[in-house]
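Go by the hints and put chain G onto chain P.
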Amino acid sequence: MWVARKISMKTIWLRAAPREKTETPPVETPADANVVLRRRQLLGAGIALPLSATAGAAVIRREMPWQEGTASAPDAATQSQPATNAYGYLTPAEAEFISAAVARLIPADDLGPGALEAGAVVFIDRQLAGEYGRASRWYMQGPWAKGEKTQGYQSRYTPAGMYRAAIREIDQAVADEKRAATFAKLSTSDQDRWLKDLEDGKPKLSTVDAKAFFKMLLQNTQEGFWSDPIYGGNRDMVGWKLIGFPGARYDHSAFVGRHGERYPLPPVGLKGRPEWTKPKG
Amino acid sequence: MAKRLPPVDALVVGFGWTGAILAQELTDAGIHVLALERGTWRDTPTDFATTFAQDELRYYWRHELFQRAAHETLTIRNNASQTALPMRVLGSFLPGTSVGGAGVHWNGQTWRFLPSDFVARSHNVERYGKAAIPDTMTIQDWGVTYDELEPHYDRFEYLCGISGKAGNLNGAIQEGGNPFEGSRKREYPNPPMEMTYPPTLFAEAARSLGKKPFPQPSANMSRPYTNPLGVQLGPCTYCGFCEKFGCGNYSKATAQTTILPVLMRKPNFTLRTEAEVIRINLDSSGKRAVSVTYIDAAGEEVEQPAEMILLTAYILHNVRLLLLSKIGRPYDPATGEGVVGKNYAYQITSSVNVFYADKILNPFIGAGAHGMLIDDYNGDNFDHSGLGFIGGGFIGIVQTGARPIESHATPDGTPNWGSKWKRAVAETYLKSTSVVTHGAVMSHRGNCLDLDPTYRDVYGRPLMRMTFDFTDNEHKMSDYLTDRAEELAKAMKPASIKVNPRKGSWDVVPYQTTHNTGGAIMGTDPATSAVNRYLQSWDVPNLFVHGASAFPQNPGYNPTGTVAALAYWSAQEIRSRYLRSPGPLA
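Chains P and G supply the protein sequences, listed in that same order.
Going by this note's numbering, the first sequence runs without a break in its numbering and finishes at 328.
Going by this note's numbering, the second sequence runs without a break in its numbering and finishes at 623.
Chain G on its own, in the form it takes in the complex:
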């Protein structure tokens, strides 16, 4: 029998970006917030200090900051005819654990989605006709618009101190920014990062082809910054250990470096770590969440009642907790009915290696979100007539830092080992870079999440099962982007290039992106979405489900900016309406 604790006003499950944002907003509203985090406390000076943070083996290859698959993983398959098997070793994506979540080891690439991304179905139908969207493509409008989210994007960008250059200020296109972005009310809080050589070369090549390159919006500081909460961040040192690493320098915006120094000191906030929520408990009506049950570090089950519950774990955990707690109707790909687990999507990426004979590029100098990009082929920024696909992605060079175990590309025809390989690596390491494409994944009827019938986690609960593959739309789109990337790479006038298209089925082994989306999608109709436009559960109105699980499909950008904007958007509605009169907001 689980021990039962006194109730709290609001309970946050998972303490990464969205957990910290929601806790900060709701404690400001005066209620008591308790956050439960399955992992441990961690902070800059103790866990990612500059005296040991630059350790490629420990952090990337041995996964120190990531979720332990031994503790929890999921099973994977490309389609329903296969038997799903556990992801025994992390690869394609790297979920986090502990305070700060995956937001500790993110790159800081902080985008706004395009206005048309939020109305993906209606926009594409209007422009290209109903036939442009196959029956099996289950894309939906979000139920929230870019204009509604604009102030919330702005809040997150100023919280983080995003370095960038506006491309569209109040409708006026700005030289040097992304001319395709939605209209923003004000400039980024910090100027763009200083560029290393490879992104500079890419930008020159892109301009020579008539494109509009712009600096990647970055949560790495281009100068010292004090955010609106009074928390200070230091300038980025371009150490090249950012993606997959923690920052020892207070230069990457994370929950730790932007919110926690304020939130943790509030009298109406409590964080309980090593407290892993295993289910959400409903009352007998099934329409109200009364508590969660968690397992503490001693292995004891504890029941924590709360007036409202906010699921703020990573998307895979949010969806799994809904399934395990039997909240919302599980999605059935055979009938297309049900909502929980529906519209799982991901990202499709490719690259073109660029090798120079004589240019010294120093690729080890970098930062997580440090690049020059073009957005000409993202979303619906280009005419898709006759192309046979919708969606797109950005293309460019993001110089994240070439750690040598991970980054030692060699020209075509080089063997994988031996003297010839060694010579090629020695010759090319300082003189090579890579043009990347980062593409959207639309949702499809067969791509979904449910509970695995066979495999269990350490607590004996079913693992979640992911059924996912790229479809024709993704491959056509990615091939199109890769062709453009090849043109751009050639315009950089290198000695040689190597094209790495994304072929075949989704493969769990090579790292791609930690941009998993969907499974508890937002919308305006309870028959086709799990949460309403304020991320409130249709079935259980005192439960909110945050994060990229709400994305009905995944646009061609990194997700965190929109994840955070949705958190602020939802928090505003909770503060202004829900707390006064708890009940359905839509």
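Pulled out of the complex, with its shape left as it was, chain P reads as follows:
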């Protein structure tokens, strides 16, 4: 299935490439790409359309478009099982920082694994290496101003850029305190103090708003703990098991009226359950 998907994506890319000359944004999402493919195949199939009139728009007439294999499944790049050592974006020093931080934000304890064990670092790395890290959906044109709190995110940094600068500046500030070389090397109680200060916006970092970075880090850590395992975090669905969330099930109709009963089934992800796919023995 994924092989077929990759081939069709590649085909689309090759066909779409010449359009870049017109300064159209390159085809980015599978959904966009599918329509391009369908239209071009329709045209190629000789279906009568006023071609000259509609060169750049998809014309849909007398049909509900549908083509086998075009379902907009999650990006294939996110599908592989969590890698352990290979990072796509983070440097080793950055990975150390994030590993230490997520282990304090959602610690491993007697209740079970924490964010580190759940793969939140792998999750964050992949997110920063992808569309989210580049802020490709965000409005990132200037001019730039700090703004009121009610005006939301106004940093010039993309998430990937924010992590890079923030970690550099926090590690520098930690080193200046002369208690440890980096945040990751602090005692856990000192790490907690640092995280609390970041949360309260106390450290004055040179380019990064401490509060904004902390908010992003905490959000991404929780995402890495509770998003579907296909994204590299929530390994073995430990985040879901902790709270009793049954995951990507789509039919609860038989259980709606069973008030007060504990839901009996274990969580399931978009790709099923680990024991369904793990090699035997």
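I should point out that these hints are in silico values taken from the structure, not numbers from a laboratory.
Bear in mind that the values here come from a model prediction, so they are computed numbers and not experimental data.
There may be inaccurate statements among the hints.
Short, incomplete list of chain P residues facing chain G, as computed with Cβ under 8 Å [stated by the list, open to error]:
(1) Glu110
(2) Ser119
(3) Thr138
(4) Arg181
(5) Arg184
(6) Thr229
(7) Ser274
(8) Leu289
(9) Phe292
(10) Val303
(11) Gly307
(12) Arg309
(13) Pro311
Even for Gly, the Cβ is constructed at its ideal location relative to N, Cα and C.
Only chain G this time, still in chain P's reference frame:
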């Protein structure tokens, strides 16, 4: 120089709920309709299949179904003394893009407004006196009445297969329904949804306080349904991925699941996707729209002439297109004159978290419009004498499904991270729920839309600028609702509650509702409204502007039911009068 295409009879700009309804109605009248949609085609099996639709990260947190702010956003500020800055990341509201529009990721909460909502100014003046409405509150009567809209509400409810229980059938109050609603001619097409535990607990508590709880009218199917067009919807499976998601199950009424299978096959209908309208072109008199200019996926400008044009994009795009096309006089908050951009309004919400020590609530079981509510404090359903505000909202528990990244409330005093937080989340997730309030926002002189002087979109056009804040009326009203919600939450006999009132200025960051309204409001006087009571532009009679942009102020309900009823109301008038004799209808 833009390429010019052959003219069409009617042109629909934006292909969501109102675009689909208008196209369906006008093609039935025999004319050729062309719809232009800036986004792409999308449909249930390809884009929201149950094999991957339940993905909280992808759809909610990474905004896959929503408008890309990088492509178009707006600038925001709370008042004219601030410099508006772009909404760089979506937050407070989530406009859609592509076929189906925001109607793909809506919840399906399908209301009728109260009869008194449509005469908000005259009703309140009559009951409470002129002093009840401050000079700065610019509320107006709609120019259309509940009774006029009743058959059109009915059509939409039967198109969608709304699940619900009538509270007022031909004037007779019905047990189990909303006793405050306007009189309806017939029962909902489908029975209410089966209730999960939290709404059931809320309903018991509300009854214990003498209130009349009722099931939320829902566009999630309580049973298999075939609508009057012959399109079939399947029963809802309560998967809990409804609001902010597409439905993989054909269980939520959307343009795709109710109209498109019929409309798309009609010989006199054409949809052009990846065609973003950038302006409406007028003739030299300025009184007739002759065409639109759109940019296609290749970046080419195309001019599409049409006999009539229907603006059916989201309200923010409708108003912006009017401003960019210089149609209608822009509103000036300094003088109160002008109409385009006037009376922008929103919704004010608050909540009370409810934590039990021992009750297992399974909050992940849910649907977009699945709840038990009371309407005792909505609109003018209660005496406002001495309260210092007008308007109201509904209160209740809507169990939309507790996706864990979004929903992991903890009791007061819990830190935001660390071991104590983790323990609290593990203990409370299955045992907590939330009573919400959903309140009206009246229109005010300073709350408005215009073009931003600084920021531009990808085409170099000015972004729209939103100047908006809650005023005293909203805060007093919302605090009053929150106090009632707290009483109801306590009557649910929980271990603890946490009250989350809406304090301070409107904040773009936390999600609130995608219920933006106004800016091209309807009315009976061209000096104070942009469109007449049939949603026809006063200035350009072959242009109609649909959607919640027509709301003179925003009542305490979700808007889609009224948006659709207005579309049918307008379509009826276009079919019966305008097509025979094009010209002003009022």
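**OP:** Find the hints from earlier in the document that the structure breaks and name them by number, from lowest to highest.
**Re:** 3, 4, 6 and 13
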